[in-house]
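Note that the protein sequences, when read in sequence, are chains A and B. Numbered per our numbering, the first sequence spans residues 1 to 284. Numbered per our numbering, the second sequence spans residues 1 to 256.
I should point out that these hints are in silico values taken from the structure, not numbers from a laboratory. Hints are supplied without guarantee of correctness; some may be wrong.
[Said to hold, decoys possible] Partial chain A-side listing against chain B, Cβ under 8 Å, derived: (1) Leu131; (2) Arg146; (3) Glu150; (4) Ala162; (5) Pro163; (6) Val165.
Even glycine gets a Cβ: it sits at the ideal position worked out from N, Cα and C.
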Amino acid sequence: MFFHTVFVRVYLFLNTVKGFFSYREPLGRFFFSEPGLYPDGSRQEAAAAATLSRIPTSEQGAFRVEFDAPLFCLERPLSLSLQARKLACERDDRQLFAELDVDITSGEIVRVEGPNGCGKTTLLKILSGQLSDHEGALFWNGRPMREVREAFLSNLLYLGHAPGVKAGLSPLENLAWYQALSGERSGENKRLDALENVGLAGFEDVPAGQLSAGQQRRIALARLRLTPRALWVLDEPFTAIDRDGVAALEATLLAHAGAGGCVIVTTHHELGASTRLRRLPLGQ
Amino acid sequence: MDNCMGQNKAQENRTQQGVTSTSCVGVQGARGGLSIALGATLKRDLLLMLRHRGEVLNPLVFFALVITLFPIGISPDPALLTRIAPGLLWVAALLAALLSLDSLFRGDFDDGSLEQLLLAPQPLAALSLAKVAVHWLLTGLPLALMAPLLGIMLSLPAGSYAILALSLALGSASLSLIGAIGAALTVGLARGGVLLSLLVLPLYIPVLIFGAGAVQAAIMGDGAGAHLAILGALLAASLALAPWGIAAALRISING
Chain A
1 MFFHTVFVRV YLFLNTVKGF FSYREPLGRF FFSEPGLYPD GSRQEAAAAA
51 TLSRIPTSEQ GAFRVEFDAP LFCLERPLSL SLQARKLACE RDDRQLFAEL
101 DVDITSGEIV RVEGPNGCGK TTLLKILSGQ LSDHEGALFW NGRPMREVRE
151 AFLSNLLYLG HAPGVKAGLS PLENLAWYQA LSGERSGENK RLDALENVGL
201 AGFEDVPAGQ LSAGQQRRIA LARLRLTPRA LWVLDEPFTA IDRDGVAALE
251 ATLLAHAGAG GCVIVTTHHE LGASTRLRRL PLGQ
Chain B
1 MDNCMGQNKA QENRTQQGVT STSCVGVQGA RGGLSIALGA TLKRDLLLML
51 RHRGEVLNPL VFFALVITLF PIGISPDPAL LTRIAPGLLW VAALLAALLS
101 LDSLFRGDFD DGSLEQLLLA PQPLAALSLA KVAVHWLLTG LPLALMAPLL
151 GIMLSLPAGS YAILALSLAL GSASLSLIGA IGAALTVGLA RGGVLLSLLV
201 LPLYIPVLIF GAGAVQAAIM GDGAGAHLAI LGALLAASLA LAPWGIAAAL
251 RISING
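Please construct the entire structure, taking both the sequences and the accompanying hints into account.
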């Protein structure tokens, strides 16, 4: 169990400290973090800060470790930020945007707005690290994208215009590939849950090509539930979704932001008012 | 330590409850599970190809038809056919392999899976290698296995069948790898097929020379070992270099 490993690490660390400093009081605070596997199967960075002291009454020099609660900052993960500085992009001799600064941090939903053809999709592709022919720089958690690309990608979930759903595969098989791409061992229950969540229960084994456009879009949306990713970049996710689906998706976005994630979304659908929602107008 | 253990137990309980009850969002750590991603990509592509049997059969039927045309069109004279058989078989197999290259990344590009492949937290070179492997398994390998059968039709001496199959198996793997770079470069273009041939065919020449040479040597009774060794070397070189080329080409195509 991952927690156990962390504990053993702490214990070993304490023993080393004991050897070096022989009971100086208080032994002080330390902070450590390590990647590991959580009970729910997600891979995350665990961070802990603790105060270390000797128990005065103990003869053998036992230690007390007081962890700053909570030990695992799940609800508030190490805070995330995606920054873009002085973005400029030109397509076919047309300046889409220039000198654009974007700041997104944990708990925010940023809605990119603007008329058709103003570069919303291009901006989303730049922010998700797909396009490189643009001016300006991207920073993930304060570090240049070039250096932290892999860490960025393992936190990113991008849904583009095309849903990325194979017509020849069933919804379950489609999701299995996405699950494996993020390095997860197959968990069929998780996939079934995700499909049920987007209202595709009963269609698990039907080839996606036989499903409607909205249902295919729902397969893609099931990925939001499938793998825990902090940053969601969604290009027109409401396309072809029915009214109930739209409400559910809106709730999902809010819940994700509420849990400390970030969402960047383009949509012509009017999102309900929320303090987490921020607008980013383009093409003005 | 008891005290501290107790505290930790309490923490652990609390943490686990937290984990199971909240839909958690976390900062993911180091990447892992490349083998899982590779296995799943192989499985997915194989499954897709096997569900579209036509795409698998097309190159094979093309190969068989082209080879059938030569005795009809040139002459049924066995001596002449034996002389030109190695070249014919190799050129036809090469064109058949080229025929199926265009669809290597096309489907993924059209439905958006290619974007997702590029955004996977796994090395793109490795993932594209998995796709090429599937292409070889379902095109190059069947072509190599079918070639001796068509060799009979061109009155190829019995002793050279094994060399023919082996040289095609080795060579077609290089062809798939090199061709995939071209396929990746042209995937975003509306009519990439012709351009793909123009890009890739010149690069196929060394493989063709040594592949047909191996079969020729086997017919003459000389050892084909040297030719096969060079084919192996070409495969090793393309295996080492092509994945990076494919990955870079895919990035360019997505950018365009």
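Structure-based check of all given hints:
1. Leu131: Check passed: Cβ of Leu131/A comes within 6 Å of chain B, closer than 8 Å.
2. Arg146: Nearest chain B Cβ about 14 Å off; hint violated.
3. Glu150: Interface hint status for Glu150/A: holds (6 Å vs cutoff 8 Å).
4. Ala162: With a minimum Cβ separation of about 3 Å from chain B (threshold 8 Å), the hint on Ala162/A holds.
5. Pro163: Holds, because the Cβ-Cβ distance from Pro163/A to chain B comes to roughly 6 Å (cut-off 8 Å).
6. Val165: It holds, given that the least Cβ distance between Val165/A and chain B is near 6 Å, below 8 Å.
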